[in-house]
Amino acid sequence: ELKVEQNPLFLSMQEGKNYTIYCNYSTTSDRLYWYRQDPGKSLESLFVLLSNGAVKQEGRLMASLDTKARLSTLHITAAVHDLSATYFCAGMPMKTSYDKVIFGPGTSLSVIP
Amino acid sequence: KAGVTQTPRYLIKTRGQQVTLSCSPISGHRSVSWYQQTPGQGLQFLFEYFSETQRNKGNFPGRFSGRQFSNSRSEMNVSTLELGDSALYLCASSLPGTQNEQFFGPGTRLTVL
Numbered sequence: 001e002l003k004v005e006q007n008p009l010f011l012s013m014q015e016g017k018n019y020t021i022y023c024n025y026s027t028t029s030d031r032l033y034w035y036r037q038d039p040g041k042s043l044e045s046l047f048v049l050l051s052n053g054a055v056k057q058e059g060r061l062m063a064s065l066d067t068k069a070r071l072s073t074l075h076i077t078a079a080v081h082d083l084s085a086t087y088f089c090a091g092m093p094m095k096t097s098y099d100k101v102i103f104g105p106g107t108s109l110s111v112i113p
Numbered sequence: 001k002a003g004v005t006q007t008p009r010y011l012i013k014t015r016g017q018q019v020t021l022s023c024s025p026i027s028g029h030r031s032v033s034w035y036q037q038t039p040g041q042g043l044q045f046l047f048e049y050f051s052e053t054q055r056n057k058g059n060f061p062g063r064f065s066g067r068q069f070s071n072s073r074s075e076m077n078v079s080t081l082e083l084g085d086s087a088l089y090l091c092a093s094s095l096p097g098t099q100n101e102q103f104f105g106p107g108t109r110l111t112v113l
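Residue numbers (my numbering), protein chains in the order written: chain A, 1 to 113; chain B, 1 to 113.
Chain A with its partners taken away, still in its complex shape:
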């Protein structure tokens, strides 16, 4: 059964700094997703990573996927306060289960001025 782990679970960082959130998954996953959730709000899709070596960037966020290591990373460059949110990675078990998406526990990011 696919399990998704993230670290760190809590991250407090200063504006302007760089940091990386790590997402490990236990079994082969067809694809890897990153979502953002603001307090009291729903989930917003950030990235969909479909293949080994995939890299996607949007603004100050860059996500990558290494399927051999079963690892995805979300890199934050020159953080700003607006990036404060909880970030979830999620995988989809292979050969299933269509839209059965398994989420990690989330990384709560706080960017301090």
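Hints are computed from structural coordinates only; laboratory data are not their basis. Each hint can be trusted.
In silico SDA-like links for lysine to any residue, alpha-carbon gap of 25 Å or less:
| no. | chain 1 | residue 1 | chain 2 | residue 2 |
| --- | --- | --- | --- | --- |
| 1 | A | Lys-100 | B | Ala-2 |
| 2 | B | Lys-57 | A | Phe-103 |
| 3 | A | Lys-41 | B | Val-112 |
| 4 | A | Lys-68 | A | Val-55 |
| 5 | A | Lys-41 | B | Leu-81 |
| 6 | A | Lys-100 | B | Gln-37 |
| 7 | A | Lys-41 | B | Asn-100 |
| 8 | A | Lys-41 | A | Thr-77 |
| 9 | A | Lys-41 | A | Val-111 |
| 10 | A | Lys-100 | B | Phe-64 |
| 11 | A | Lys-41 | B | Asn-77 |
Note that the coordinates shown come from a computational prediction; the quantities given were computed from them, not determined experimentally.
Position chain B relative to chain A; hints supplied.
Below, chain B alone, put in the same frame as chain A:
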């Protein structure tokens, strides 16, 4: 294009009652998934429907059920409510395809007293 809508947004029920939540997917999306989000358990997959058929089910008791209508709208029902059912219930819709990117609704906040 309108996003995923969920009704009601907030519900307060008492133990033993039952509740029905509704989800309208993005126009053209035929897959609808339901998730339960709690501080303790995080985001957990409940079930997924496609073309009025349940294709996947998570590890929840039979008190949790759902259905999908011919217009892709979906409902989920929880019977004999327990205190532990208090959660944010999120619905997501997607187009069938390689990415299966899910778009989430605003959620229904259920409180069981």
